[in-house]
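Which chain is which? The protein sequence lines are A and B, in order. No gaps in the numbering here: position 96 of the first sequence is 96 in our numbering, and each next residue is one more. No gaps in the numbering here: position 30 of the second sequence is 30 in our numbering, and each next residue is one more.
It is worth saying that the hints were derived from the structure and are not from the lab. Glycine included, C-beta positions come from ideal geometry on N, C-alpha and C. Take every hint as true, because none was put in to throw you off.
Stretch by stretch, here's where chain B covers chain A in the computed footprint (C-beta under 8 Å, at least three residues):
1) 22-28
2) 59-67
Per label pair, the in silico range of CB-to-CB distance:
3) A:Arg18 / B:Leu138: 34 to 44 Å
4) A:Glu119 / B:Leu138: 55 to 65 Å
5) B:Ser31 / A:Val53: 12 to 22 Å
6) A:Leu32 / B:Phe28: 29 to 39 Å
7) B:Ile99 / A:Ala64: 27 to 37 Å
8) A:Arg81 / B:Asp127: 39 to 49 Å
9) A:Val53 / B:Glu5: 17 to 27 Å
10) A:Arg68 / B:Leu16: 18 to 28 Å
11) B:Val101 / A:Arg81: 47 to 57 Å
12) A:Val29 / B:Gly11: 18 to 28 Å
13) A:Arg18 / B:Glu5: 24 to 34 Å
14) B:Val134 / A:Arg81: 33 to 43 Å
Not close to chain A: a few residues of chain B, all C-beta gaps over 12 Å, as computed:
15) Ala132
16) Val134
17) Cys146
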Amino acid sequence: MSALGRPSPFGPDRSSGRRDSVLALFSVVVSLVFLLGPASWGNTAGSLVRASVLRPFLWLQAEAVAARTSRARFAVLESERDSVAFTAQQVPALQVENERLRRLLGLAQRLTTPYIASEVLRQPELADGRTLLVAAGADRGVRPFDPVVSPEGLVGVVQTVEPTTSIVLTWAHPEFRVSTFVGDGAVAGIIAAAELPLGSNPMLELRGIPYRDTVPIGSAVLSSGLGGVYPKGIPVGLVAGVLREQPGWERIYLVRPAANLAAVSHVLILRGGPGTPVDAAFQPGAAP
Amino acid sequence: MSARESRLRLGLVFLLLLVLHFYVRPRFGDSRAAPDFLAMAVLLFALRSTPGDAAVVGLCTGLLVDALTPGRFGANALAHSVVGYLASWGRAVFFADNIVVTAGFFAVGTWLRNLLVLLASGTGGADLLTQALVWSTLQALSTAACGTVLVVVLRGWLDIRILE
Numbered sequence: 001m002s003a004l005g006r007p008s009p010f011g012p013d014r015s016s017g018r019r020d021s022v023l024a025l026f027s028v029v030v031s032l033v034f035l036l037g038p039a040s041w042g043n044t045a046g047s048l049v050r051a052s053v054l055r056p057f058l059w060l061q062a063e064a065v066a067a068r069t070s071r072a073r074f075a076v077l078e079s080e081r082d083s084v085a086f087t088a089q090q091v092p093a094l095q096v097e098n099e100r101l102r103r104l105l106g107l108a109q110r111l112t113t114p115y116i117a118s119e120v121l122r123q124p125e126l127a128d129g130r131t132l133l134v135a136a137g138a139d140r141g142v143r144p145f146d147p148v149v150s151p152e153g154l155v156g157v158v159q160t161v162e163p164t165t166s167i168v169l170t171w172a173h174p175e176f177r178v179s180t181f182v183g184d185g186a187v188a189g190i191i192a193a194a195e196l197p198l199g200s201n202p203m204l205e206l207r208g209i210p211y212r213d214t215v216p217i218g219s220a221v222l223s224s225g226l227g228g229v230y231p232k233g234i235p236v237g238l239v240a241g242v243l244r245e246q247p248g249w250e251r252i253y254l255v256r257p258a259a260n261l262a263a264v265s266h267v268l269i270l271r272g273g274p275g276t277p278v279d280a281a282f283q284p285g286a287a288p
Numbered sequence: 001m002s003a004r005e006s007r008l009r010l011g012l013v014f015l016l017l018l019v020l021h022f023y024v025r026p027r028f029g030d031s032r033a034a035p036d037f038l039a040m041a042v043l044l045f046a047l048r049s050t051p052g053d054a055a056v057v058g059l060c061t062g063l064l065v066d067a068l069t070p071g072r073f074g075a076n077a078l079a080h081s082v083v084g085y086l087a088s089w090g091r092a093v094f095f096a097d098n099i100v101v102t103a104g105f106f107a108v109g110t111w112l113r114n115l116l117v118l119l120a121s122g123t124g125g126a127d128l129l130t131q132a133l134v135w136s137t138l139q140a141l142s143t144a145a146c147g148t149v150l151v152v153v154l155r156g157w158l159d160i161r162i163l164e
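Full structure from sequences and hints, please.
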């Protein structure tokens with residue numbers, strides 16, 4: 001019986017007894033022998049225990065550690081895979097930008113007028129597209145009313161010049177105007193941003209075309225060089241159809257812009273003045 | 001339940017704790033504060049056996065641990081033997097069958113085992129204080145939590161009385 005009166009499951013008395021004392025003393029003595037004896041005894045005993053009793057448990061532990069390591073390696077692999085996937089997502093955009101830069105470089109080589117190459121600093125604003133901020137300002141010689149072009153055609157005109165940046169009024173701006181001609185120059189008109197229903201793609205309209213003149217769909221619209229701002233020959237767009245007409249008086253044509261403002265990342269700011277034609281640089285078959 | 005059947009069940013639980021110690025414990029982050037299933041096994045055995053048997057089981061368990069950490073062979077054997085003997089003796093003399101006291105039994109037993117191992121292996125100075133006061137305390141608490149859950153879960157199977 002124990003001191004609390006509980007019957008012991010294995011023996012007559014748990015708190016005393018010669019057997020308990022002997023066993024406890026034996027345990028302590030064995031421990032002290034290993035603790036105070038030569039280290040080789042402990043090493044030998046440890047080696048025997050590891051090779052026999054502990055062998056399956058050490059295998060278990062190795063499995064547990066391997067599982068934990070595998071999870072960690074899997075997490076690393078997952079993060080690496082995500083990084084690669086993220087990088088791969090950027091590849092098409094980089095290819096497009098590379099192609100645009102090559103085309104811009106080709107245009108720059110064909111231009112005979114002075115120009116300033118600049119990056120477009122995009123702003124995530126609702127009105128982004130009507131004006132663009134470019135990374136070239138007065139420090140690089142940009143002046144107000146300098147024409148701004150991309151490899152595809154006319155982007156706009158410099159509106160405001162600051163020391164290191166400039167604001168470009170693009171063709172999508174309601175105040176944008178450019179004097180143009182169609183095809184061989186037989187028909188001339190004024191290009192402005194088209195007023196279309198909300199949600200439509202931004203387009204241009206060609207105004208002031210006499211009712212008697214007919215403009216074929218698909219005709220190229222080029223800047224005429226009149227007005228003292230834009231040199232002659234910059235592609236503005238392609239005629240897409242008749243937008244509206246005043247019978248007997250005027251037709252207004254819808255024009256698909258040559259330069260896609262959403263895709264413009266680099267531009268050339270022309271510095272040659274309106275008197276220097278640039279049409280040769282924008283010829284479809286012009287060699288770079 | 002006969003004494004033979006009781007020993008068999010206790011042996012199975014002891015084996016289960018060995019498996020937990022080697023298979024589950026490595027999955028814990030910082031093993032210094034993780035519950036020590038071997039200490040738990042010795043203390044659980046001490047709950048259901050005589051002091052002499054508990055001392056021998058403590059010796060065997062300590063030798064297993066010493067084989068894994070052969071820096072000072074015998075330190076764990078001594079610590080587990082002493083704790084096993086004292087736990088069984090103290091359980092019979094002092095402890096009531098109460099869940100809080102049982103948790104304290106596991107906590108104090110684990111902490112005392114750690115202290116004895118530190119002293120027997122020659123740890124001293126600031127390291128002894130840090131190990132004894134911080135890590136040993138944390139491990140004692142985690143071991144007490146696990147041990148109490150184990151006792152509550154297996155009380156019917158091991159015929160352990162717990163008064164709530």
